[in-house]
Amino acid sequence: DTEVTQTPKHLVMGMTNKKSLKCEQHMGHRAMYWYKQKAKKPPELMFVYSYEKLSINESVPSRFSPECPNSSLLNLHLHALQPEDSALYLCASSQDTGARWAPQHFGDGTRLSIL
Amino acid sequence: SQQGEEDPQALSIQEGENATMNCSYKTSINNLQWYRQNSGRGLVHLILIRSNEREKHSGRLRVTLDTSKKSSSLLITASRAADTASYFCATDAYNYGQNFVFGPGTRLSVLP
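Chains as they are written, first to last, in our numbering: chain G, 31 to 145; chain L, 248 to 359.
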């Protein structure tokens, strides 16, 4: 069992829908991350939150909107996605990024399909 | 841009054999990490090696780092079928303004 929980595990949505991906950890980590992973490719960093503040946005399109309501929760709000956004979305957490890229704990991801 | 690149891209071995995967990177780093990903699952952190370290061990894993060649290797000894997974190296390049970048990965198949 992973210590980072992501919901839902699978999501199918149309290009006009609005949905949210959720991520939760209770390890006391103060850094949380969103990654996008296409099939047979490595994860690509999207966003990093440090102490509930957005610290890194890797030039992600605005149709992806992250939110960190508290130190345990991370959301990714989706709106007007494109078919090429279909991928596995992974959430991760680590001790605060003062350690700069400390080992990350990953959830099992949400597999997103855009119709 | 891609920082780490693994070699080989795919590796198939028999149970009990050793598996060696290599990772090359382009710029100076603070640390290099190796992760494993089983099919359909998230990544699992295996080992972190700092730029001032040359070798680290963890169980059946041995990681080396050669900063002069900008390369690292992951050795899995006495492989098991359960080691079948994709293995990724990941690097930071803080002083060069880059963030955390994963290499393309090596898909390891351990045959019983």
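A portion of the hints provided could be inaccurate.
List of simulated lysine-lysine pairs, DSS-like, C-alpha gap at most 27 Å [unchecked claim]:
#: 1; chain 1: L; residue 1: K273; chain 2: G; residue 2: K66
#: 2; chain 1: G; residue 1: K66; chain 2: G; residue 2: K39
#: 3; chain 1: L; residue 1: K273; chain 2: G; residue 2: K68
I should point out that these hints are in silico values taken from the structure, not numbers from a laboratory.
So, going through the hints one by one against the coordinates:
Restraint check: the Cα-Cα separation between K273/L and K66/G comes to about 23 Å, which is no more than 27 Å; the hinted pair holds. Restraint check for K66/G and K39/G: the C-alpha separation of about 14 Å stays at or below 27 Å, so the hint holds. A hinted pair counts as satisfied when its Cα atoms are at most 27 Å apart, and K273/L with K68/G qualifies at roughly 23 Å.
Against the hints set out earlier in the document, no violation occurs for any number.
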